[in-house]
Amino acid sequence: MHFISPVLWQFLVNWLTHFALFPPEASGIAPDTDALYFFLVLISVVGLGVVALLVVLFSVLYRQERNPEATQIEGSTLLEATWTIIPLALFMVTFVWGALLYFRIYNPPTNAMNIYIVGKQWMWKAEHPGGQHEIDALHVPINRPVQLTMISQDVFHSFSIPAFRVKREVIPGRYSTVWFEATKTGTYHLFCTQYCGTLHSQMIGEVVAMTPEDYERWTAGSTSGSSLAQNGERLFASLGCASCHSGNADAHGPNLAQAYGSKLQMANGSFVTVDDAFLRDTILNPTMHQVAGYAPIMPTYQGQISEEGLIDIVEYIKNLNSNYRVQQTLNTSQVQTTAPAAPSAGQGMVKQ
Amino acid sequence: MSEPTQHEVLDTEPTHHATHIVSPKVYGVIFASLLFFTGLTVAASYLELGVFNAIVAIAIACIKAVLVILFFMHVKYSSRLTKLTVAAGFFTFFVLITMSLTDYISRAWGLW
Amino acid sequence: MDSQAIATQPAHGQEEHGHPPYLRHHFATVEQQRETASFGMWLFLLTEIMFFGGMFTAYMIYRNWYYPAFVAGSHQLKIWAGTMNTAVLICSSFTMAMGVHAAEIRKRSALLRWLTLTILLGTVFLGIKAYEWHDEWVHHHVPGLNFSISDFTHVDPHYLADKPLPPDMAEKTQVYFSLYFAMTGMHALHMIIGVSILLILLVKAWGGAYTTGHMTTIENFGLYWHFVDIVWIFLFPLLYLISRHQ
Amino acid sequence: MSTATIVKLPPQETARLPKRSYLNNEYGLMSWLLTGDHKRIAILYLISITFFFFIGGAMAGLIRLELLTPQSDLMAADTYNKVFSMHGIIMVFLFLVPSVPATIGNFVLPIMVGAKDLAFPKINLLSWYLYIFAGCFTLAALVLGGVDTGWTFTTPLSTHYLNTHVITAGIGVFIAGFSSIFTGLNFIVTVHRMRAPGMTWFRLPLFVWSHYAASILMVLGTPVLAITLVLVILERAIGIGVFDPTKGGDPLLFQHLFWFYSHPAVYIMILPGMGVISEVISTFSRKRVFGYTAVAFSSVAIAVFGFFVWAHHMFIMGVSNYSALVFSLLTMLVAVPSAIKIFNWAATLYKGSITFETPMLYAFGFMGLFTIGGLTGVFLGSLGMDIHLTETYFIVAHFHFVMVGGMLMAYLAGIHFWWPKMTGRMYPEALSKLAALVTFIGFNLTFFPQFVLGYLGMPRRYAAYPPEFQVLNVLSTAGATVLGIGYLLPMLYMTWSLKYGKIAGSNPWQATGLEWQIQSPPLTENFVETPIVDHEAYDYEWLAHKTQHEVQTVG
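Residue numbers (this note's numbering), protein chains in the order written: chain A, 1 to 352; chain B, 1 to 112; chain C, 1 to 246; chain D, 1 to 555.
None of these hints come from the bench; they were simulated from the model. Be careful, since some hints might not be right.
What the hints assert, rightly or not - Pairs of lysine to any residue residues, derived as SDA-like cross-links and limited to a Cα-Cα distance of at most 20 Å, are as follows: (1) C/163 - A/77; (2) C/163 - A/292; (3) C/78 - C/244; (4) D/122 - C/197; (5) A/120 - A/292; (6) D/351 - A/77; (7) B/83 - B/62; (8) D/546 - D/531; (9) B/83 - C/199; (10) D/122 - C/244.
Claimed, not checked - Across the chosen pairs, the derived CB separations fall in these ranges: (11) A/222 - C/134: 58 to 64 Å; (12) A/73 - B/98: 54 to 60 Å; (13) D/16 - A/89: 57 to 63 Å; (14) C/22 - D/25: 20 to 26 Å; (15) A/71 - D/547: 17 to 23 Å; (16) D/481 - A/183: 18 to 24 Å; (17) A/93 - D/25: 56 to 62 Å; (18) A/46 - D/4: 28 to 34 Å; (19) B/20 - D/544: 44 to 50 Å; (20) A/304 - C/138: 29 to 35 Å; (21) C/130 - D/517: 57 to 63 Å; (22) D/523 - A/21: 39 to 45 Å; (23) D/542 - C/208: 23 to 29 Å.
Just so you know, even glycine gets a beta-carbon here, dropped at the ideal spot from N, CA and C.
Work out the full structure: start from the sequences and follow the hints.
This is how it looks when you write it as structure tokens:
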């Protein structure tokens, strides 16, 4: 084959080895997305086929040599109705199908494990609940729903894993979430797909889907010593949050233990489900989220806590089962500057 | 296809009557009521009306705007085309607001 | 916009008349030319509605989000200045309408008088607005350039019932003032353009341009001027009159 | 391919261009720069738009060259970002939006309705000057060092995180917006007020209907873009906080306002093209457009629905799920009128007497490519599918199928179709057919692989990409080369034809529109006497009678 130029040869080899029409199907949602895709491709091929057939057929049948005199036709209401209703019906099917899929992708199951993602120009940081940090990489176990709670420090980014068929904008100032369940082990692309400035094309990374055992091993191997919740507890104490959120009956602030997931009544009468995004925003904009029955005295922590710190505190509050340790800090009025002494004690209050 | 008669072709239906001159008296009355409504809206804002404060303010502003449009801007005496044009403008503005609101009122917890 | 407009619009007239000098070559009749110009002006005002509409949409959303900040911001504005400006602008709308009337009945001196009055009132409006802006600059209420939340974290002596805003909400007054400056700024820009055109019209009217039966320009400018007035009619309660009772 | 033709040219030995026409009515540069004649303004637009098209095209060429290899080796990521931003800004605001309306529309719309000129000739000229100013600002941004926001000016990136010439480019786009508003305003008023006696709404050519619909969008949508850009510029220049999340603003609000214009903008771009296709298909099948009213109203329906669907650009951006649902549903509805148009055009061919001149070939290209573009739009309007496809090359391919495959094909069809009317001379037929073919092949080769790339997940706006995407990118770049030739060819032979083309005569295509009943190139005042219209659009029997009558009276 040496008569082919090396460049062209390389190109052909490249073609044959890399040619693919679909990215790998590596998540639970991927086959469903592909099914909808096939349906849409089918509609398109049929639609295009019909148009092309009509055009070619008429061009042949009614070209001037064969049909020198055109027959003038006004139109046909019946036909108009036909090609209004049939496409409309197909589009409606597409709409319903697409909507079902959308709600599946954007509504995580309750048992999903949560990983935090912070996007910034131009890198991805992943924070696992156990305190493992990763840059431009994400390790996940397979066969387990994983929810990503994501936020951007600066501009819009977009977190995209084509092999999992999921993507979601990562927004400054608000958590957005997406979830997936990896089904095949392997290493997949992770892209930022929202244009975010100069090195947009280098805001990429890899997602490593591992067997649960491997994942266990990985988490054990790359822990940074303290979990997010433990970091959060430290921050919680050092910022003096405990003085108001002690859980005592006469406390100035609402009880935080087991607040996560509950419905809170706000001062304006509305009800709000406490989720990550809500927790984050109450720390930054407390005045806008007055819980009924409490005075608006909480100061804002805007500009005082980094996004990572907020994640720690949110994770801490999320897992706060009881106020035992909160009150202990209060009683001893000891601001925790050292790491919580016994990890076992720490685990007593942190779920799982 | 029906062949239109010459009469139909040249049928000119004026869309706008010859200039309708509004008398200064009308202007005067409108002017006075605009000033009156200005006073009213300021006064109303000092009353505790709860959610109706905003509604009253907007309603008075709308009345004033309608007065200006109808009389100062002569829309009352104008062709249907002009009326439709004005309506189209406010309709599109309405679309902008309502369709944006579909997002803002249904966000997970009010804000973002 | 809608199909009705299309279906109901009959063909326009093409009757032959004598050709006055101001009839452009591509129009058949004066009436057609006048109608055309007026319709064009209305379409332009349509774009203006949408131009301000974008800001009104933003205003509505943020007002719902940050209501206390909007109240506090609004209380910092001088209500007498706003009310006076509203009155001034309504007067100028009246004088403009009278100016158009003067052109209609072909009275040159009356037209000149009304136009001069309109210019004066427009300038007074801009003067008061400039005074207000200066005042806001002095009080550090200009987001981005000169802003401080200190006015909002203390009780305003005029509104003793107001509670001082917590810092996080006080920060949000920036949104209020951003919109305030964007909206009044755009409005004032329209006023400045309006006054400039009025000056040109005045000069032309001096030469007797609009009192010979051809007053399309004056009429259309009147539409513009009234539109700017309408924008202010909405801006005034939305910006100045938020919960003055507190 | 058929060799039959409907082209009837006057005998070339004796034919001369008319003594007086809009082209030689006056001489000198000032007679052009200060003209109020819609035809001359159309020519001014044609020249300036072609200029910007080739600048934007050069940018596209650079993009494709850079993407030949996976690394960002031809240019740094920074440069690449500036190049694709400039490509987007120029192509969208300085080419696609004004392309058909400001050139072809400007030229033929007044004639089609039987008017001597647009309603406001001076505003028409102003519109061109604004366009030139807009172009100057955009070029200034380019020359001063570029702008790298992308054409979407996404906040907070554009307001706080870039140090390029965002304000300059923003002002350029702002001014271009007003240029487009004035064109649209002029068209609406003209259609309402300047129709010749007897030219009722339902006798208007479909070209006029589609321009009317597009003009509504221009007039109502563009101001929202203008104010949004003003706010972005203020935010960047002095730091007000309407869209800034750190000050309490909502960057998604920017998206709402931006797409409120920019989604209707794609209909501003495509609707006039659809008008061209209606004219061309009717003319070359010698048949009334099938379902005239359906096609006419589908244009209006697209214009109206066009305002209700903008948030489908934001499905993954954090709009509420319920809002996404509403917008997705409405998006499905807006797809229907386009389908109606396509089928009506196909049905127009039925029992026609079809010939295959160049405009018709482009029109066929349009139908195929626009169908693909439209149907892939349904992919993106479908919520679940959109998640995977948006922000990838799939979306790039989709809108290039609509904009380049659809709009540009229609533009070229229109330019070829009305070239004899504009210049009085024919373009070379064989060469132009070749160009149409080259364009079609080049286009498909360029953009079809991008659908696959998109589904594979390659993100858009990437200067560098994983090596496994290279094969398809090489194909695409190869196609772009072919496409480039396809666009250069018309430019060359059109220029050639200005001097050497055959004399066209007043109605080479035997078409029915009013513009074909007057001399080519037309007189400055278009009509010697105001026409009185007593037939519907596309009435070929009327044309046959008229021709017969003329032959009798002359001969």
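(Q) Tell me if the straight-line CA distance from residue 163 of chain C to residue 292 of chain A falls inside 20 Å. (A) 18 Å, holds
**Q.** Distance restraint hint 18 to 24 Å, applied to the beta-carbon atoms of residue 481 of chain D and residue 183 of chain A
**A.** The hint (18 to 24 Å, Cβ to Cβ) is violated, given that residue 481 of chain D and residue 183 of chain A are roughly 41 Å apart.
Q.
Just to be careful, I want the Cα atoms of residue 83 of chain B and residue 62 of chain B compared with a cutoff of 20 Å; is the pair within it?
A. 16 Å, holds
**Q.** Distance restraint hint 23 to 29 Å, applied to the beta-carbon atoms of residue 542 of chain D and residue 208 of chain C
**A.** 50 Å, violated
Q: For residue 22 of chain C and residue 25 of chain D, compare the CB-CB distance with the range 20 to 26 Å and indicate the outcome.
A: Between residue 22 of chain C and residue 25 of chain D, where Cβ atoms are some 23 Å apart, the hint holds.
Q) Are the Cα atoms of residue 546 of chain D and residue 531 of chain D separated by 20 Å or less? A) 14 Å, holds
Q: Starting from the range 58 to 64 Å, see whether the pair residue 222 of chain A and residue 134 of chain C falls in it by beta-carbon distance.
A: For residue 134 of chain C against residue 222 of chain A, whose Cβ atoms are near 60 Å apart, the range 58 to 64 Å holds.
Q | Satisfaction of hint between residue 199 of chain C and residue 83 of chain B, Cα-Cα up to 20 Å | A | 30 Å, violated
(Q) Next pair to validate is residue 78 of chain C with residue 244 of chain C; report whether the Cα-Cα distance is within 20 Å. (A) This hinted pair holds, its Cα atoms lying about 11 Å apart.
Q: Given the hint that residue 122 of chain D pairs with residue 197 of chain C, test it: the Cα-Cα distance must not exceed 20 Å.
A: Holds: residue 122 of chain D and residue 197 of chain C sit about 17 Å apart, inside 20 Å.
Q | Restraint check for residue 351 of chain D with residue 77 of chain A, where alpha carbons must lie at most 20 Å apart | A | 18 Å, holds
Q | residue 71 of chain A paired with residue 547 of chain D, Cβ distance criterion 17 to 23 Å | A | For residue 547 of chain D against residue 71 of chain A, whose Cβ atoms are near 19 Å apart, the range 17 to 23 Å holds.
The structure shown violates the earlier hints numbered 1, 5, 9, 10, 12, 16, 22 and 23.
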